[in-house]
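Visitor: Listed here are the chains, written in short residue letters.
4 protein chains.
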Amino acid sequence: MSQATPDSHGHPIASAVADHGEGGEAPDPALVEELVRANHILFDQGVVDAFGHVSVRHDKRPDRFLLARNMAPGSVTTDDIIEYDLDGNPVNARGRKVYLERFIHGELYRSRPDVVAVVHSHSHSIVPLSVVKGAKLRALFHMAGFIGQDAPVFEIRDAGGDGTDLLISDNALGRALAEKFVAADIVLMRGHGSTVVADSIPLAVYRAVYAELNARYQLEASHLGEITYLTEAEGRACVDRVEGQVQRPWDLWKSQAAQRRGGS
Amino acid sequence: MSQATPDSHGHPIASAVADHGEGGEAPDPALVEELVRANHILFDQGVVDAFGHVSVRHDKRPDRFLLARNMAPGSVTTDDIIEYDLDGNPVNARGRKVYLERFIHGELYRSRPDVVAVVHSHSHSIVPLSVVKGAKLRALFHMAGFIGQDAPVFEIRDAGGDGTDLLISDNALGRALAEKFVAADIVLMRGHGSTVVADSIPLAVYRAVYAELNARYQLEASHLGEITYLTEAEGRACVDRVEGQVQRPWDLWKSQAAQRRGGS
Amino acid sequence: MSQATPDSHGHPIASAVADHGEGGEAPDPALVEELVRANHILFDQGVVDAFGHVSVRHDKRPDRFLLARNMAPGSVTTDDIIEYDLDGNPVNARGRKVYLERFIHGELYRSRPDVVAVVHSHSHSIVPLSVVKGAKLRALFHMAGFIGQDAPVFEIRDAGGDGTDLLISDNALGRALAEKFVAADIVLMRGHGSTVVADSIPLAVYRAVYAELNARYQLEASHLGEITYLTEAEGRACVDRVEGQVQRPWDLWKSQAAQRRGGS
Amino acid sequence: MSQATPDSHGHPIASAVADHGEGGEAPDPALVEELVRANHILFDQGVVDAFGHVSVRHDKRPDRFLLARNMAPGSVTTDDIIEYDLDGNPVNARGRKVYLERFIHGELYRSRPDVVAVVHSHSHSIVPLSVVKGAKLRALFHMAGFIGQDAPVFEIRDAGGDGTDLLISDNALGRALAEKFVAADIVLMRGHGSTVVADSIPLAVYRAVYAELNARYQLEASHLGEITYLTEAEGRACVDRVEGQVQRPWDLWKSQAAQRRGGS
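Protein chains in written order, with this note's numbering: chain A, 7 to 270; chain B, 7 to 270; chain C, 7 to 270; chain D, 7 to 270.
Hints are computed from structural coordinates only; laboratory data are not their basis.
By construction, the Cβ of each residue, glycine as well, lies at the ideal position given by its N, Cα and C atoms.
Any given hint could be a false lead.
As the list claims (entries may be wrong) - Distance windows between CB atoms, simulated:
1) D/257 <-> C/266: 24 to 34 Å
2) C/163 <-> A/66: 23 to 33 Å
3) B/39 <-> A/142: 24 to 34 Å
4) D/119 <-> C/257: 34 to 44 Å
5) A/178 <-> C/83: 45 to 55 Å
6) A/164 <-> D/261: 45 to 55 Å
7) C/36 <-> A/265: 44 to 54 Å
8) C/83 <-> D/119: 51 to 61 Å
9) B/119 <-> A/117: 47 to 57 Å
10) D/261 <-> A/118: 47 to 57 Å
11) A/101 <-> C/163: 57 to 67 Å
12) A/261 <-> C/36: 21 to 31 Å
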């Protein structure tokens, strides 16, 4: 039976799907575990603070995704993971509060069938870059080839007018954001942060970490003079080769996250 | 019986009220506990070092407020909390030294009946912004809508001449500072720091944390070019919606603070 | 018998030498231990993250060098150290994955007989400096005299065209990089990082740490105005005298690294 | 009997005084303890790394001072404290290596009878400010009034020519540096760092910490526009009042330092 779920303001959400987690296959527990770790790592690496979130597409149902309940990522456990349909309706919230911006995830999984994981964050060098008129995030070092020649900036005023709260708080805004991802794996959001996608959780986390570093280096280098960015061909070659090393940082980050939490 | 209380220079303070904590209701112990936590969180988040302070209005007597004795915020316990009247006279100091700048708090609680909590700090990006001629702190991201279009800068020379120690060390200076808060919830203090107000302790702490981040991003972005700030309507919408999420960082910060101090 | 070793992409490497560690003397265990510590220290000091590596020339066979298997430096143990010939062929990999950029080390040991240790990293202030057209790293304080008047920048496009992955992934690229070291002990690599050499492990680590600081100070100072750099004579005098103090930071870093890992 | 003491290069030092610690009163053990703590605090606060040092004038013999042996400050114990005469000759080194730059301390205690403690460091924002032509450190916030209107910059080329190692490695250079302190309590040293003096250990440490912060804020603010610095009168008032609060940070730093070292 469908059950009304409060959003984080306590308003009930009309849920189009049964909110019980039945009627579908359960996701691979290893995938849920990996999602929990990704939450911890993003916090430990300073990509998210109490805000920001990471999701993964359901491994058995491509029309579903997994995302933590409304809480700080650094403290997420497997019990906090909720399943959603692509409209952002929770399937098994059971009264747990949900993120206001779950529509980022649903609309991206809908429009980009290749995407397996999504990270949304407000990391420290991305935000300033997002608000400078004419500035654009662009790949300048080999760890961040995926950024490409000109990461799109999502201006919410184009889709929602100039009086929004900047949040992607419904499906229409989610779709407008997703449109920017046609030829990009990262999109900056003006006055807000960024969203990155990848074909695995470790790679999405890697990209969120190194997008922040690329932005930081770009802020610092642009004071000094004109920057030599990666060429398109260099960027593609870096994606092919350097991202193939993703297991190395992932193993490190996992072991650091476990250590900080008294785990193995 | 009234008892002379030394200020932190050892000078006795003429106390207009009985210094014993009687003759009034005790504040809710949960409020005192929340104030202690706020002290720890502000230190852990790098908003205060050995200097800076946070107060809360007495929950039963709106003409009283609670503030730690003269000490580093990160080490405050419930035994260190002193009750003051709005003139900044300690009610129950019992020989404990008091902050030189308690007048910030008293005069703000007097002039702004809506204010429940006050944070005064010298955080790292606020101070440089406070000394640049013509610069103004302005909301540029969704976490800091409360800053608005133009945070006032308090120039102590206007009220105290050009030979002060920059401290708000009496009621007249406190009143001059409070006047800047007529249409603002944060005021920068030139060559000194800032003061923020809110209707709860968690929100005042939240605002102090994100004001620092907004200032930092503004310092970084302004090197690169012209900034797109939040519109007035965006700022208001962010206050309405994003600040409604304040429990999320508060829960995180509380648990981090407890962990660092061996608590639960 | 020669054994095919996969590189980190799983491709077998044609190995020109017997992959068993025999047929030669074992390196001094104290040297291997020092190399392990150098890995930890570089991580702890923020010079490397999951990427970057440090090697040492074999103390008994100058045509061999020691380098960790493909892994994050902060977790390296003595069991992870592999011996290589100067062509970058592992002698005793026994199935362990090797670094894509081992050719940096081999070609430097070949072309510079005085070099005993090599650090390759992407530290935070080196990368931005490496991409600014016309910028050059130059010694500005007494800890970094070894940088000299104009650290060369290696532009991989000159050797490999404008579509590489920026990695030094074969001997030809390794030789091209090594050529830049004729009159320099540090070379910046555009869009990538830097490589430093020295006549001991502690000194190579010291130089990697203080090159990063020199780059950071240079980024900050160059905003303000023209910089007074060290003269050539000052730089040489600093190398002579300040680098003679290398045992002091080395002892500190070793003890910190041991403490963080629960060691003695 | 006088005993030759090696400096940190292993060269024996001709010692003008008996190297045994006799023939004079022992310093107050509490003073030695305070000096040890100052070493730890300066490291914990990031003012010194493996380099930099702090000394105190002998409380019973104004012609002597106390300084650690040549080692990293963060690890100093009471057993590492050596007594020196004002020429920088160790009185009781007993074979322990001494700092190359002990002459900074001796010449300052000689020329400034009011000085009780001296900190020499290379902190992160001081070094870049020291190398910018025409730049000057100047007090911009209330915590750093002691800096005054124009902190002198010591250019070692004036005293030692343009081929020195930048170190204050003899009495002549020490005297040249001390001359800059006639009307100043902090002096920047081009391409090297700074030295600060005060009438107590806690205050010297406080000044080293807040000089670094003032320099950092100055670097950041000067990008944005013209800075409103403290007036002379404001600076003096801040010294009078704010520095009177020095016990507050000192207590905090002491307790943090003890905690990090497993102490009480």
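Visitor: Now look at each hint and say whether the structure bears it out.
Guide: Evaluation of the provided hints:
Between residue 257 of chain D and residue 266 of chain C the beta carbon distance is about 27 Å. The supplied range of 24 to 34 Å therefore holds. Roughly 46 Å separates the CB atoms of residue 163 of chain C and residue 66 of chain A, a value that falls outside the hinted 23 to 33 Å. Distance hint check: the CB atoms of residue 39 of chain B and residue 142 of chain A are about 48 Å apart, inconsistent with the given range 24 to 34 Å. The supplied range of 34 to 44 Å is met by residue 119 of chain D and residue 257 of chain C, whose beta-carbon atoms lie about 36 Å from each other.
Distance hint check for residue 178 of chain A and residue 83 of chain C: the Cβ-Cβ separation is about 54 Å, which falls inside the suggested range of 45 to 55 Å. Between residue 164 of chain A and residue 261 of chain D the beta carbon distance is about 53 Å. The supplied range of 45 to 55 Å therefore holds. The beta-carbon spacing between residue 36 of chain C and residue 265 of chain A, approximately 28 Å, falls outside the hinted interval of 44 to 54 Å. Distance hint check for residue 83 of chain C and residue 119 of chain D: the Cβ-Cβ separation is about 56 Å, which falls inside the suggested range of 51 to 61 Å.
The given range of 47 to 57 Å is respected by residue 119 of chain B and residue 117 of chain A, whose C-beta atoms sit roughly 50 Å from each other. For the pair residue 261 of chain D and residue 118 of chain A, the beta carbons lie near 53 Å from each other, so the given range of 47 to 57 Å is met. Between residue 101 of chain A and residue 163 of chain C the C-beta distance comes to about 58 Å, which sits within the given range of 57 to 67 Å. Remark: the range hint 21 to 31 Å for residue 261 of chain A to residue 36 of chain C is upheld by a beta-carbon distance near 27 Å.
Comparing the model with each numbered hint stated earlier shows that hints 2, 3, 7 do not hold.
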